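There are 2 protein chains.
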Amino acid sequence: MFSEAALLLVGDELLSGRTHDVNLHRFSRLLAEMGLPVVMARVVRDIPQEISAAVKDSLSDQRVVIVTGGMGPTNDDLTVQALADAFDLQLVRSPLAEKMVRDKQREYGLGMPISALKQADIPEGALPVLNPAGIAPGIVLHAGNCVVICLPGVPRESSALIMPCLRKAGVKPRSVNKIIFIRTWGLKENDLFDDLKKLAEKNSVVPGFLPSPGRVDVKVSGMGADGFAADVMKKLGSRVYSTLRDETLEEALGRKLLSAGLTLATAESCTGGGIGRGITAVPGASSWYAGGVITYSNNLKISLLGVKKKTLEVHGAVSEQTALEMARGVRRITGADCSLSVTGIAGPGGGTDAKPVGTVWTAVSCGEVEKAYLWRLGGERESVREGACARALGTLFELLP
Amino acid sequence: MFSEAALLLVGDELLSGRTHDVNLHRFSRLLAEMGLPVVMARVVRDIPQEISAAVKDSLSDQRVVIVTGGMGPTNDDLTVQALADAFDLQLVRSPLAEKMVRDKQREYGLGMPISALKQADIPEGALPVLNPAGIAPGIVLHAGNCVVICLPGVPRESSALIMPCLRKAGVKPRSVNKIIFIRTWGLKENDLFDDLKKLAEKNSVVPGFLPSPGRVDVKVSGMGADGFAADVMKKLGSRVYSTLRDETLEEALGRKLLSAGLTLATAESCTGGGIGRGITAVPGASSWYAGGVITYSNNLKISLLGVKKKTLEVHGAVSEQTALEMARGVRRITGADCSLSVTGIAGPGGGTDAKPVGTVWTAVSCGEVEKAYLWRLGGERESVREGACARALGTLFELLP
Numbered sequence: 005m006f007s008e009a010a011l012l013l014v015g016d017e018l019l020s021g022r023t024h025d026v027n028l029h030r031f032s033r034l035l036a037e038m039g040l041p042v043v044m045a046r047v048v049r050d051i052p053q054e055i056s057a058a059v060k061d062s063l064s065d066q067r068v069v070i071v072t073g074g075m076g077p078t079n080d081d082l083t084v085q086a087l088a089d090a091f092d093l094q095l096v097r098s099p100l101a102e103k104m105v106r107d108k109q110r111e112y113g114l115g116m117p118i119s120a121l122k123q124a125d126i127p128e129g130a131l132p133v134l135n136p137a138g139i140a141p142g143i144v145l146h147a148g149n150c151v152v153i154c155l156p157g158v159p160r161e162s163s164a165l166i167m168p169c170l171r172k173a174g175v176k177p178r179s180v181n182k183i184i185f186i187r188t189w190g191l192k193e194n195d196l197f198d199d200l201k202k203l204a205e206k207n208s209v210v211p212g213f214l215p216s217p218g219r220v221d222v223k224v225s226g227m228g229a230d231g232f233a234a235d236v237m238k239k240l241g242s243r244v245y246s247t248l249r250d251e252t253l254e255e256a257l258g259r260k261l262l263s264a265g266l267t268l269a270t271a272e273s274c275t276g277g278g279i280g281r282g283i284t285a286v287p288g289a290s291s292w293y294a295g296g297v298i299t300y301s302n303n304l305k306i307s308l309l310g311v312k313k314k315t316l317e318v319h320g321a322v323s324e325q326t327a328l329e330m331a332r333g334v335r336r337i338t339g340a341d342c343s344l345s346v347t348g349i350a351g352p353g354g355g356t357d358a359k360p361v362g363t364v365w366t367a368v369s370c371g372e373v374e375k376a377y378l379w380r381l382g383g384e385r386e387s388v389r390e391g392a393c394a395r396a397l398g399t400l401f402e403l404l405p
Numbered sequence: 005m006f007s008e009a010a011l012l013l014v015g016d017e018l019l020s021g022r023t024h025d026v027n028l029h030r031f032s033r034l035l036a037e038m039g040l041p042v043v044m045a046r047v048v049r050d051i052p053q054e055i056s057a058a059v060k061d062s063l064s065d066q067r068v069v070i071v072t073g074g075m076g077p078t079n080d081d082l083t084v085q086a087l088a089d090a091f092d093l094q095l096v097r098s099p100l101a102e103k104m105v106r107d108k109q110r111e112y113g114l115g116m117p118i119s120a121l122k123q124a125d126i127p128e129g130a131l132p133v134l135n136p137a138g139i140a141p142g143i144v145l146h147a148g149n150c151v152v153i154c155l156p157g158v159p160r161e162s163s164a165l166i167m168p169c170l171r172k173a174g175v176k177p178r179s180v181n182k183i184i185f186i187r188t189w190g191l192k193e194n195d196l197f198d199d200l201k202k203l204a205e206k207n208s209v210v211p212g213f214l215p216s217p218g219r220v221d222v223k224v225s226g227m228g229a230d231g232f233a234a235d236v237m238k239k240l241g242s243r244v245y246s247t248l249r250d251e252t253l254e255e256a257l258g259r260k261l262l263s264a265g266l267t268l269a270t271a272e273s274c275t276g277g278g279i280g281r282g283i284t285a286v287p288g289a290s291s292w293y294a295g296g297v298i299t300y301s302n303n304l305k306i307s308l309l310g311v312k313k314k315t316l317e318v319h320g321a322v323s324e325q326t327a328l329e330m331a332r333g334v335r336r337i338t339g340a341d342c343s344l345s346v347t348g349i350a351g352p353g354g355g356t357d358a359k360p361v362g363t364v365w366t367a368v369s370c371g372e373v374e375k376a377y378l379w380r381l382g383g384e385r386e387s388v389r390e391g392a393c394a395r396a397l398g399t400l401f402e403l404l405p
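Chains A and B, in that order, are what the protein sequence lines are.
Residue numbers for the first sequence follow the numbering used here, beginning at 5 and rising by one.
Residue numbers for the second sequence follow the numbering used here, beginning at 5 and rising by one.
Misleading hints may appear alongside valid ones.
As the list makes no split between identical chains, a pair holds if one copy fits it or if it spans any two.
Mimicking EDC-like on lysine to aspartate or glutamate, the simulated pairs with C-alpha atoms at most 16 Å apart in a straight line are [as the list claims (entries may be wrong)]:
| no. | residue 1 | residue 2 |
| --- | --- | --- |
| 1 | Lys-122 | Asp-195 |
| 2 | Lys-359 | Asp-80 |
| 3 | Lys-313 | Glu-205 |
| 4 | Lys-172 | Asp-235 |
| 5 | Lys-223 | Asp-50 |
| 6 | Lys-108 | Glu-193 |
| 7 | Lys-359 | Glu-111 |
| 8 | Lys-223 | Asp-80 |
| 9 | Lys-223 | Glu-128 |
| 10 | Lys-201 | Asp-81 |
| 11 | Lys-223 | Asp-65 |
| 12 | Lys-108 | Glu-384 |
| 13 | Lys-192 | Glu-111 |
| 14 | Lys-103 | Glu-17 |
| 15 | Lys-122 | Asp-61 |
| 16 | Lys-313 | Glu-386 |
| 17 | Lys-172 | Glu-205 |
None of these hints come from the bench; they were simulated from the model.
Model, not experiment: these values are computed from the prediction.
Whole structure, please, built from the sequences with the hints as guidance.
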């Protein structure tokens, strides 16, 4: 029934440079994978006439129009009124939407300010959809053989609502080629691309590369996908941490630790808590993660972890020896079965000729095994830090059975 | 002469999810700062009719229309032809553009394939602009009292070309409507909106609200902006951490610590390192941040921080007493002048009737002062965690002179 999609992003903040939109990219990919290619996108201000006009312009035969943003309770949230205006409909208080809003306000312990109820007013004939990650319900409105879906702009909420709304709208994924995800850590996109070029040709596939610092997902579909995936797994070995689309490196590591009955502790310098934060984003991580230390200063490396003063003087804070002593130290003070440590130069300052910005040492300690690794990472401060987190986690993943 | 801008992003790859566009964000901000607010943006496929139609739709009185993408030599680069079509112009070989292309091909050691000369064909009457970062020249075309500027889509090239093209087009920065940002912590968007409603009416302004967990920015411009900002600052007091658009809460806190000559340590449970990670995202944070501990398990709260076993048994890990003992403990083991601690229930599991998901205790310890705070936070696991980070940081910010 539906064959294509259009996106309409609403919000002054997207056009003022205040917010860096991610919905365009995320939804384009998702919808393409569902067999609903996005054929156009528009970004409009929080001005009802402009939103209405853009909604009307976006309608076309067999099209799903997805509108994000402007769904909240405040007076610059004008999307729902504009949607009603576009179709000459009245806004009506939906009892179902009201229940959703009231339940969520209660769940979140937010009381029930009168302004929140605005989120229960939807165009007559529209359907509200429960928001799994926030308060404002999604809205589905059929219009001829088109359908308009309105979602909050916050990416966490729009991502959580998009599939329930598509289902409510009766949009079914068209027969799409199976997509295989091969999730890797510690490889650079360019290198990976060159490495896999021959395998892609051999299997007649065109893989997609989805990079983030320290982690690259390879995505492949079509006839040769299974053969390609098997070849890649063989070539990359333990640099592949998962073939499940949604399993993070932290979750994959937790899976291995849990099945081996081991606990983990972390000692971080340049990443400043990023590894711990990533690990504790996994619900239930407390069954395998004890905690750790953030030793940002040299003094704390000495006093908390027992790194030797001499080690710091002779080899420096960013060195194999320091990384190993950090990993050893955090195991000793926490009693954990395994540990990992990171020390590096994230920049922009602090680099030298011998140890330029991007120089990172990581170490793992597990049972009787101790290993340290040197990484030369590129990019800005946050790239170096995120890249270092992935490599520390990856080396322990690699080491565990 | 020019008062506003429109953006037109051309390229299948932007709508297929393959490429994550950055031009929208970058140019929106640049143009807003130049006093040329971007009033609309569109993303279209590499289809000449769609590009032409979008160019025509984007024209408006006193508007600068900026088109990016589809300027290269290959056969899916169709923007220039579409631009000519939009105005019923012929493409002509520009001697000036030809020289630019030939010089660049030579400079890059690329020889002179005939296909490259396609980049020297521009609509009659248009002006070519030298590309400092690539081969394809920019194109400036006046159309009535509008101007259309075409740039390559590659961010490095479009960023290098935008200012030369604006100058060639005769666009001068206008006196900009000042925008005031009031950055707050620890307030919920709904409550803030209700709180500021009267002040907004009194000053005849329509503030925008930009929320993220634990932090809401209020944005205001126009005649009444200064009065509104003064009223808001008075009302919210230390819940405002900055009026600088780019200053984060972590930076504002660091500014205070640095000027007071104090150092900070952190003790995190449910946030798992998120506070440390946020702090260490600030370059130079080492001059005021020592580090800290992630005590995710109760055992580590006891062994590393000296939280009393009895405290955990009687009051629980998520309690005023535990938060205070954590803050005290991390000061003792690090020797820092100040500390902050967090312990809470981030969910989805672990909630009880007395302490539902979202219950968070934070504490600060600074000099002789010790304080603990109870928060009831809403939303998903990551919202609770991020909200808790902001509140822990904010309470110390509030306490410092």
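Each hint tested on the structure:
1. Lys-122 with Asp-195: between (52 Å within a copy, 14 Å between copies)
2. Lys-359 with Asp-80: Intra 50 Å, inter 35 Å, cutoff 16 Å: neither.
3. Lys-313 with Glu-205: Classified as neither: same-chain Cα gap 54 Å, cross-chain 62 Å, threshold 16 Å.
4. Lys-172 with Asp-235: For Lys-172 and Asp-235, the Cα distance exceeds 16 Å both inside one copy (40 Å) and across copies (45 Å).
5. Lys-223 with Asp-50: Result: close only across copies, 14 Å inter versus 36 Å intra.
6. Lys-108 with Glu-193: Between copies, since 15 Å is at most 16 Å while 41 Å is not.
7. Lys-359 with Glu-111: between (51 Å within a copy, 13 Å between copies)
8. Lys-223 with Asp-80: Intra 39 Å, inter 11 Å, cutoff 16 Å: inter-copy only.
9. Lys-223 with Glu-128: Neither: 42 Å inside a copy, 33 Å across copies.
10. Lys-201 with Asp-81: This pair counts as between: shortest inter-copy Cα distance 14 Å, intra-copy 48 Å.
11. Lys-223 with Asp-65: neither (27 Å within a copy, 39 Å between copies)
12. Lys-108 with Glu-384: between (39 Å within a copy, 11 Å between copies)
13. Lys-192 with Glu-111: Between copies only: 15 Å across, 43 Å inside.
14. Lys-103 with Glu-17: Result: close neither inside a copy nor across copies, 30 Å intra and 41 Å inter.
15. Lys-122 with Asp-61: Classified as neither; 26 Å inside a copy, 33 Å across copies.
16. Lys-313 with Glu-386: neither (29 Å within a copy, 38 Å between copies)
17. Lys-172 with Glu-205: Close neither inside one copy (41 Å) nor across copies (40 Å); limit 16 Å.
Checked against the numbered hints given earlier, this structure breaks hints 2, 3, 4, 9, 11, 14, 15, 16 and 17; the rest are met.
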